[in-house]
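Okay, here's what each chain looks like letter by letter:
Protein chains: 2
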Amino acid sequence: MSELILTTYDWVPRPPRGFVRDIRVRWALEEAGLPYRVETTPFRGRGARHLACQPFAQVPWLTDGDLSIFESGAILQYIGGVSDALMPLSLHGRIGVTEWLFAAVNSVEIASVPWSALASSPDPGNAPDWARWNGLFKSRLQRLETVLADCEWLAGAFSVADILMADVLRLPDSFGGLKDHPYCRAYVARATARPAFAKAHADQIAHFAAAD
Amino acid sequence: MSELILTTYDWVPRPPRGFVRDIRVRWALEEAGLPYRVETTPFRGRGARHLACQPFAQVPWLTDGDLSIFESGAILQYIGGVSDALMPLSLHGRIGVTEWLFAAVNSVEIASVPWSALASSPDPGNAPDWARWNGLFKSRLQRLETVLADCEWLAGAFSVADILMADVLRLPDSFGGLKDHPYCRAYVARATARPAFAKAHADQIAHFAAAD
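Protein sequences appear in the order of chains A and B. Counting from 1, one number per residue, gives the positions in the first sequence under the working numbering. Counting from 1, one number per residue, gives the positions in the second sequence under the working numbering.
Check each hint, because a few of them may be wrong.
What the simulated footprint calls covered on chain B by chain A, stretch by stretch (three residues with Cβ under 8 angstroms from a Cβ of chain A suffice, anywhere in the stretch; the number is not a length) [unchecked claim]:
(1) 12–21
(2) 140–146
Chain B is nowhere near these chain A residues, computed Cβ spacing over 12 angstroms in every case [unchecked claim]:
(3) 4
(4) 84
(5) 158
(6) 174
(7) 176
The hints are simulated quantities; they were obtained by calculation from the structure and are not laboratory data. All values reported here derive from a predicted model rather than from experimental measurement. Note that the Cβ used here is the ideal one computed from N, Cα and C, for glycine as well.
Using the sequences provided together with the hints, build the complete structure.
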């Protein structure tokens with residue numbers, strides 16, 4: 001493995017600070033004890049170099065020598081592959097982590113993103129689409145609640161899948177979206193109480209604050 | 001490898017037929033030339049056995065001996081791992097496929113699902129959230145358009161990432177959502193012109209029709 005380089009924006013406005021997706025990668029690298037360096041790409045003016053590394057002009061991406069990886073789910077799976085602290089070596093263990101990585105983004109985040117967009121707008125309960133998106137998100141939370149009533153972490157031991165799922169849930173949690181789902185809330189609290197999350201979060205806040 | 005078993009619903013109403021996500025797995029298995037058997041789970045009344053295999057009470061799941069996998073993205077990655085027709089063996093090749101698997105669900109489908117929900121409702125242009133979701137989806141399509149202007153398939157050769165991305169785009173395409181993005185439309189047309197897609201699609205239609 002070469003020196004790991006995490007690329008994120010040089011600056012973002014205040015509201016998303018603490019929620020920019022580089023936090024998922026910082027968190028995993030801190031959990032794994034892997035050293036890394038942070039580089040930046042302009043938030044304003046996303047040019048050809050950015051698109052070559054991240055075709056949707058988002059962040060983050062991770063480079064390891066001549067390997068450059070985008071999509072936080074793919075990066076987390078890669079880190080899980082180089083650190084058995086975050087993904088088991090067995091086929092069954094790896095599959096278990098992988099299905100929950102996809103579930104975090106494709107079964108939960110696909111419902112939590114529209115919910116959070118509406119919940120953060122004025123008077124969400126009267127938005128015409130509220131019933132649809134609130135219903136979908138709450139139905140997914142209800143399923144997850146059943147799972148989390150019976151386990152501490154999604155795939156046996158703590159893994160990159162928990163980093164992704166907990167981070168996906170942090171945004172709706174910040175708008176009160178988990179209040180009727182105590183096991184989901186406790187899961188997010190348990191995950192974010194880990195020292196590696198605290199370090200990753202403080203580092204992201206400090207990174208963007210330094211650019212003000 | 002044991003006998004592969006794909007589980008889907010025993011029946012669904014007419015509108016989603018041809019779009020139920022088991023088609024992704026059927027398509028990949030047809031491309032790979034892997035034999036499989038189809039089993040069913042009740043569409044009405046999703047019980048404990050269903051939740052044990054798919055915690056969100058969705059379909060499909062795939063079993064291979066004592067391995068049971070949910071989430072279509074995770075299943076496709078698994079099939080890619082057992083068939084080098086659908087994912088290269090090299091680390092760089094596997095990472096390339098993996099980042100596009102996650103991009104399909106987390107960067108494109110997260111935008112196409114709200115867009116398709118609104119586009120299929122009456123008078124979508126006057127829905128208060130139309131500008132938000134139309135803007136997000138079109139911005140993602142515009143990025144993908146740039147990528148697809150320069151390549152036939154997303155990760156070099158045809159792979160499971162193309163099965164996932166093309167299937168994600170089929171739904172908005174059916175509502176005219178790709179009409180301003182000719183490279184995206186041509187990509188979906190090229191992918192769905194493959195004999196393995198035609199077989200998978202016909203098999204899904206026949207499966208649900210037989211239960212009427």
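Quick rundown of the hints versus the structure:
1. 12–21: It is violated: at least three residues are needed, and the region 12–21 of chain B offers just 0 whose Cβ sits closer than 8 angstroms to chain A.
2. 140–146: holds (count 4)
3. 4: holds, 14 angstroms
4. 84: Holds: least Cβ distance 17 angstroms, greater than 12 angstroms.
5. 158: Consistent with the label, residue 158 of chain A stays out of reach of chain B, its closest Cβ about 18 angstroms off (over 12 angstroms).
6. 174: About 18 angstroms separates residue 174 of chain A from the closest Cβ of chain B, which puts it past 12 angstroms; holds.
7. 176: holds, 20 angstroms
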